[in-house]
Structures are given as structure tokens and as C-alpha cells.
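Student: With the hints as constraints, model all of the structure from the sequences given.
In this text, residue positions in the sequence shown follow the UniProt record's numbering: the first is 1, and each later residue adds one.
In case anyone wonders, no lab produced these hints; they're calculated from the structure. There could be a bad hint or two in this list.
Unchecked claim - Derived PhoX-like pairs: lysine-lysine, alpha-carbon spacing no greater than 25 Å straight-line:
1. K34 <-> K20
2. K343 <-> K282
3. K34 <-> K45
Unchecked claim - Pairwise CB distance ranges (calculated):
4. T314 <-> D50: 37 to 43 Å
5. G13 <-> Q313: 23 to 29 Å
6. S226 <-> N163: 36 to 42 Å
7. Q154 <-> S32: 31 to 37 Å
8. D75 <-> G299: 49 to 55 Å
9. A271 <-> D50: 54 to 60 Å
10. R270 <-> N163: 35 to 41 Å
Being a predicted model, the structure only gives us computed values, none of them experimental. Yeah, the Cβ is synthetic: ideal placement off N, Cα and C, and Gly gets one too.
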Amino acid sequence: MHWTLGQLASVLGIDAPAEKGQLVVSSVVTDSRKIEPGCLFVALKGPNFDGHNFVARANELGAVAALVDAPVANDLPQLVCPDTRLALGLLAGAHRRTWQGPLVAVTGNSGKTTVKEMCAALLAPLGNVLATQGNLNNDFGAPLTLLRLRPHHQAAVIELGANHLGEIAWTAPLAQPDIAIITNVTGAHVGEFGGMGQIAQAKSELLAGLGEQGTAVLNRDDHYYSFWAARAAPRRVVSFGFHPQADVSASALSCDPQGRYAFTLLQHGRALGQLRLPLLGKHNVSNALAAAAAALTLGVPAEEIITRLQSLQTLAGRLAVVPGLRNAIVLDDTYNANPGAVKAALDTLASFPPPRWCALGAMGELGKHRLRYTLISVVMLLSWVSMSY
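Tutor: Right, dumping it as C-alpha cells:
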């Protein structure tokens, strides 16, 4: 990153600090614990924190300047903008426009972090790949990822999440993806959105960020596929899934006793090769198809895709196998949970011999739908138990 304070001020439509416009910013930081020499410290506010309280610390640690919503009594140069969160996004969008490589953006209720990591692995043949760290996918996490783009990156994979309508409508145009992946709608955050249709609408906001030459990679098995495909038009749509009409699909599926699937990867019905996915569960086959569709679209050879899919690592808290007492199998799926994820975990657990256990995360943000989806999950669990013993 190589922006001067004067250039950043111009992006925001504000004045640079007097006689400080030529100072060079090498990075952007919002976390006071990560302040480093040469950075711009962005003072964000939240329910339980106020970054403006750390401007003095930023000065002590070598920050070039601070972005604040009102002047702070400190001699650190300051860019003053009424809304620092909005300003962070504007800076990220401007920085993104200086970078020319292919960018893949991923959203969906379930699987987006896994698909993001899969895409990063599959795009490695293109060169150095920037990917979202962890799940920094909201309206300040996504801009921070974009601000990490550097000339040595040949590709980027950005995860975009939301818990309300309009959030992705803001972050998607900042990212300007060349490929937009929507994994599914499974009920996560349904309490925040009000219903499944509203979730589908929120995920479709990603498509607004696609340029005319962009490609939408959509789940052909999802109930909302046709809705998303219509929203993507006239841009290219590449579908993935188990549906017979999916562009990228799988055949000859078989599951071993450890819940790992072998299958033949297909593109337009043509076999590209066979593989065994090291990640557990059929849902991860769907995730792999999404990532493969993106990689194929960007020209990654099929043999590279197959090799890299077979070398994937399980993410912590996402159906990771943990040895239990007395030879029991424990599936750790504690990172998060939603109705779709619970079903995927139980389906995967069924492939293991007894004794077997599954640790699930809490299902939050269900709102008025909480009782309904909790009961559905209980029924799934009871049905699974009755079939297992």
C-alpha cells in the first residue's frame, strides 16, 4: 500500500492536515492492538468500545495519522470524517480499484468460510492469493481485507457476510468481484432478516457488485437458484451442485466409514477426474463444487483442481474429528450452527460406527423463528437416534 494522506483525503472529500499531505501510509489498522509504524489508525466506535480513546497510543506506536469522526487532542495528524466506518469502506473501494487481478467474493448462509478457503487453495496456481483472514466478512472486516491487496497478489478471495439487508449491498461494490459465489440459504440469521426470502434477497446483493463481464457461481440445488440467476442476468451464470443440469457437478459418489466422499468431478457432464475429498460430509462436496466452478472459470487446469481438493485441511470447529474416550468418535462442529449445519453434522455423524458424539455450536439470531428451528433440529436428532440404534 502506498497512499499519501493527501490522496486519502481526496478520496474522502476532506482536507488533509496542514503540511502533512505528503506523508505516506503503508497500512490501515482498526485494532489498537495491531497498530504498527507507518499505519493509518481508523478510530471506529461500537457498543462497547471507542477507537478514539487509542489515538494517543497510535501516536506512541508510530502511526502516521488517525482517521477520526471529530478532532482528538493529540499532535498525531488526523483525517476528520463524520463517519469513520463509512470512510473505511470508501478507502477500501478506492484501493481495490488500483489492483487488477481476479477477485472472487463468497457469500451464503453455510459454507462460505470453507468455500473461501477452498478457493484460495485452488487459485494458488495463479500465484500469490490474498484471502479473508478468519471470518472478517462484515462492513469493516471486508474493507480491511481489500486494503491488504498488494501488487504481488495475483488473485484474491473475499468473504462477505451479513446479518441485515443492505450490508452486502454496501460491501459488494467495494470489492468489485469478477466472480460472485452464493453457497445457499439454510436459515442462519433468520431472526435478523425476518424470513428465508429476505435472506435470499440479502445474498443476491452480492450480484450487484459484478461487472458486465463478471460471472455468478450459483447453487443449482438451492430453492432460490432461479431467483439469483434472474438477478444475475445478463451476466454469465455458472451453476454447481448435484442437480442434473448443474454446470459443475459430481457423479459416482461413495462415502467411506469416516464420512469422506469420493466422486467424479464433472463439467457440463464431462468427467474431469476422480478424487476423494478429505473433508467430511456430502455438504463439503457441494462446497468443493462451488470452488471448482470458480477455479475452472478462471482457467485453473482440472488436474490442479483435483490435486488441491484432495489436499485440503479441515477448519477448526467445522466437523473436525476428535478422539474420544473408549474409542468414541467426537465430531467438533462448535464454531457455529444453523438448521442446515445441524442436518449436515447429523448426516455426517451417521457414517461413523458407534460410539459417536457430535458437539454443536449454538443456533443464534433466529428471533421469532427460534422455537420452530429448534424443534426441527430436535426432530432431526430424534430421527437420527431412532435410525442409529
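Student: Please go over all the hints and tell whether each is borne out by the structure.
Tutor: Against the structure, the hints:
Distance restraint check for K34 and K20: the Cα-Cα separation of roughly 23 Å lies within the 25 Å cut-off, and the hinted pair is therefore satisfied. Only pairs whose Cα atoms come within 25 Å are accepted, and K343 paired with K282 is accepted, the gap being roughly 11 Å. Proximity of K34 to K45 is assessed by CA-CA distance (about 17 Å); at most 25 Å being required, the pair is judged to hold. Range check, T314 to D50: Cβ separation about 38 Å, and the 37 to 43 Å hint holds.
At roughly 44 Å, the beta-carbon separation of G13 and Q313 lies outside the given 23 to 29 Å, and the hint is violated. The given range of 36 to 42 Å is broken by S226 and N163, whose C-beta atoms sit roughly 25 Å from each other. The hinted window of 31 to 37 Å between Q154 and S32 holds, with their beta carbons roughly 32 Å apart. Under the hint 49 to 55 Å, the C-beta atoms of D75 and G299, about 51 Å apart, fit the expected range.
Distance hint check for A271 and D50: the Cβ-Cβ separation is about 57 Å, which falls inside the suggested range of 54 to 60 Å. At roughly 40 Å, the beta carbons of R270 and N163 sit within the given window of 35 to 41 Å.
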